[in-house]
Amino acid sequence: MWLTRPFNERSTQIFLLILTVAVIAVTVLHLAVPAGHPLYVSGYTVGLLGKYLTYALLAVAVDLVWGYLGILSLGHGAFFAIGGYAMGMYLMRQIGDRGTYGDPILPDFMVFLNWDSLPWFWYGFDMAWFAFAMVLIAPGLLALVFGWLAFRSRVTGVYLSIITQAMTFALMLAFFRNEMGFGGNNGLTDFRELLGFDLRSGATRLGLFIASGVALALGYVVCRSIVGSKLGRVCVATRDAEARTRFLGYRVERFQLFVFVVSAMLAGVAGALYVPQVGIINPSEFDPIFSIEIVLWVALGGRASLYGAVIGAVLVNYAKTVFTGVMPDAWLFALGGLFVFVTVFLPQGVAGLLGHLKRRRDDEPSDSETPDKEATA
Amino acid sequence: MRIPCYSWTPRVMPRIVTCLLISLLAWFPMAVQAQEDDGQALLEALDTRSFDDKSDAITAIIESEHERADVWLQALLDSDLQRLKDSGRFVIALETAGLDVTVEDAMTGEAIGEVSRRDLDRLTINNALRSQLRSAISLVELYNGEQDARLDAARRLIGNVEEEQVEPLTNRMAEEPSAAVRHRLNQALAVYRLNQGDVEAVEVLSGSLNSNVRVALNRATQSEDPLVVDAATTALADIEQNLKINRAAETLYFGLSMGSVLVLAAIGLAITFGVMGVINMAHGELIMLGAYTTWAMQQLLPGQPGLALILAIPAGFMVSALVGVAIERGVIQFLKGRPLETLLATFGISLILQQLVRTVISPLNRTVITPEWMSGSLVVNDALSLTLNRMYVLGFALVVFAGLILIMRHTRLGLEVRAVTQNRNMARSMGIRATRVDIMTFALGSGVAGLAGVALSQLTNVGPNLGQNYIIDSFMVVVFGGVGNLWGTLVAGMSLGIINQVLEPWAGAVLAKIIVLVFIILFIQKRPRGLFPQKGRAAEG
Amino acid sequence: MSFFQALTERDRVFDFMTPQASTVDVRHGPILYMEDVTVSFDGFKAINKLNLTIDDGELRCIIGPNGAGKTTMMDIITGKTRPNEGSVWFGSRHNLLHMNEPEIASLGIGRKFQKPTVFEALSVFENLELAMAADKRIIPTLTARLTGEVKDRIDEVLETIGLTALRYQPAGILSHGQKQWLEIGMLLMQRPRLLLVDEPVAGMTEQEMERTAELLTGLAGKQSVVVVEHDMGFVRSIARQVTVLHQGSVLAEGTMDQVSSDPSVVEVYLGADDEEAA
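Residue numbers (UniProt numbering), protein chains in the order written: chain B, 1 to 377; chain A, 1 to 541; chain V, 1 to 278.
Bound-form chain B, shown alone:
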């Protein structure tokens, strides 16, 4: 079965092992160690780490299209945000009549705007299964339509980057409008519970953290099984010589579309897990700058290396947390400098650096360069 293939790869085994150990360690340190102890992990930190994990999943999604397919999407924040909104709408409906205005059906902002009924696209979001399906379907559908239009007319390279950026920008402007029915400027917030669990309790927060870890592991395995398959090799072939791949008889645009949609869905899942952990979703997630930042995580971690994307996402966001706390003004300098530094001096990213060091040590090709022979065979 193609989905189980990654479990035979050493890099995937190591990655899953490290991820599992990290998640268990955080859980144990949070639950078993008394507060005040130097090893204690606070609830706040658990939430923060959970957020990093969703970002890591988002980075993996971006790496799938950029690293292996050569499509630099500057609009993946949009898929992330749409997944987040789908989750946010479910959480809004879960508030029920406990909102400020006490309306059993309408969310507060609609009451505030004097709306008398629920817009049609909010129907069904009171049911968890429907909302969770939408987390996948909504971003997937947008990616399908957008990608179908773009790949069919062979819009690639820089042009595609620019129009994906325009797409997320247009969505940001749209979601800022109150008339759209997604809470406008303020977005969706004041959530109370998810599947009956109180979102403010520590246990739920820990549960969400673990769920994020599981989602990341699953996303990683899905991506790994795609890039390790013959389809993954078609992607790489497309990335490096698109015309040649066509002449071999592959319908390149369909492969691009397939991978693009899978990636958008993963981004949607990341967004859906992100929202209950930060407690809000608003149009700023559509900001083109956020989408470019995601690309930086991937670039820093190492393009075309999925674990590199995870490393990059965690590193940059940890740095962001530290910097914005200590010297907020310096953060944009650091971020900007990082962009320049990575592209000029570290084109292979941290993963490339690791691979290089490893090769020096045992003088054999790393598996990020050439897929395992056992896996191919």
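If you are wondering where the hints come from, they were derived from the structure by calculation, not from laboratory data. All clues given are correct.
Cross-link-like lysine-lysine pairs, in silico, BS3-like; alpha carbons within 25 Å at most: (1) V:K115 with A:K336; (2) V:K80 with A:K526; (3) V:K115 with V:K45; (4) A:K526 with A:K513.
Away from chain B, derived, C-beta distances all over 12 Å, residues of chain V: (5) P30; (6) N51; (7) E85; (8) N95; (9) E156; (10) L174; (11) Q178; (12) M204; (13) E210; (14) G233; (15) D257.
Which bits of chain A does chain B cover? Going by a derived footprint, with three or more residues having C-beta under 8 Å, they are: (16) 469–482; (17) 507–514.
Cβ atoms here follow ideal geometry from the backbone N, Cα and C, with glycine treated the same way.
Given the coordinates of chain B, assemble chains A and V onto it according to the supplied hints.
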């Protein structure tokens, strides 16, 4: 969500009625005081508690044809005509700073200096008097003003003519040398006649764009005389037609103006991206630097905003060009042939430049002064006036564009740039120094961004985020127009500007922008190489 | 039969579900048939009323001075460029002008580019794997497994092109000549009916050239091969039938000896020399 808060009837109607009443009362005793040519006495008459008496006094001043009559009336209208408590001397307040008021003598106009506000008595007026004053000032100006002032005065009279003014105005019209002023006066009188129920007056008013004329005609449609109603309705329809044309012209003007901004912002990018193939995400920040250069120039030359603005044109070009060259040499040259990496690196630079401006100058917006010769507007007719600053920017954009076309077509640099673009290795082997050409091209594109910044400083706020707002639009314009084609950029920018303005009235600004973005995204799918694509083997790349 | 009936019919498979049939009808003679084809770029006619027929199993060499339209002709056959006029048929069943590149490729037309293009990040083995004739839709590609049969076939081709020792090396490290060979190997994996080969021996040593000539002549008979080449010695060594292109149309056709004694051909080549000298 906004509720339109326009409604003219309740405000206008009572004013006109009171106006008529007061005027009727006011005109009788004028002969007595008019013989006195003593200004002091004219003003003394104003210092009374009764507003009716004040009204008489105002009439007297008008009839006196005193040389400072217009000054007094204006000062009275602005509540600047005051009286010193101790000497009883009439003064006009020029400037108020706290308790201190700078005043001049009302009789002679000589400066007196500062006095305390406590030492002054203000001559108060009410709304009815204000209305009378405005119409009176018009009359006074009509007699002794310059042509522009007379025209302005005549316009103000439309809809505000009182019975007593009819005769002097008719006389004035016969003497008036300027046809334009005569036309206005004729309209003013016609509105008066229409209000009296005169059908023939409608003919004079037909096609006029003045809002007071429309008010009068609208009122006439409520008249009891069916002839008047018919005539007024037809005239209104004519006016509506005329207004539509003017509105279309205004939309076109705003569209071209917005388009010129887009062209300015994008044309530098058309060079660096279109010709060199370099994606410079810091282009917006180069625009921002141009705008800040204008601000800095005005700080260096306080009191001379116009000169500073003109000097800012070369300075803005140089600053942005130098920064651009620094970016090219420092980063972009190491990323040749890797467009996506170039995009990311230059985005990093854009973050750094923005934060630099925030840290060094201020995170807040700076004010750039608009010089006098650029402010105000060109009045075409009552419904259409074109703001001058936008017109200057439009002209500037066209000049910059023409300049670039000349450089690319007719200079050695342009030739070399085109050669390097088409075949880098071949060009090198023919002795063209490709590196030098790269630097020059990038400097040119960046410098033009600086010019865009100088122009933008006259239209929008100058702040650290200025550039960010234009970068996506600029890329859209370049891609829409067809990469590598300056004319395409011009056409694309202008048409996007116009499309946006046409959509705005019924879709709102934000939705219009979204529609335009979606339109471009779809357009690129249909024609990936833009409006004016390059054809042939070279374009296949 | 109604649409619904057609949909519910169980004993046949829908057109869109059947793999692309690569049945090329050559009963009526030629495998490739181009008639009155014209292409212009901004008014410049790169191909002008070109007529060309390739018989099944034939090895044809196409020569001509620079700008004669040789590469553009290949672009048209493979669907990269659409002609303004004319018709192009593959066998007597498939109108190539109604198909895109992948469809044409899966019909059995393989192409080797002028500049060798292999997938540099993939290994030699993987390059051949991707080229192999197989179901090239998404899901089959995703779930494809390397069967013994596939591996044998790849090994066979590796042997033919002499790259067995380098099978797990990334193609990026190969020499220029090796890349040319790998690309020819990829063509072989496709099992095409018609091979379009653009300058196969550019940058090769004498020995490599000989092996290439052997390989190409060995293919002819089973497959049809069209070779565009500048190297006259190489053309003379393999060609039975030669077509001379000039300014987008056929100038002469025949054996190498016939063609090289044709006065108009001589004039074109000498004329071109004059221009270059000037």
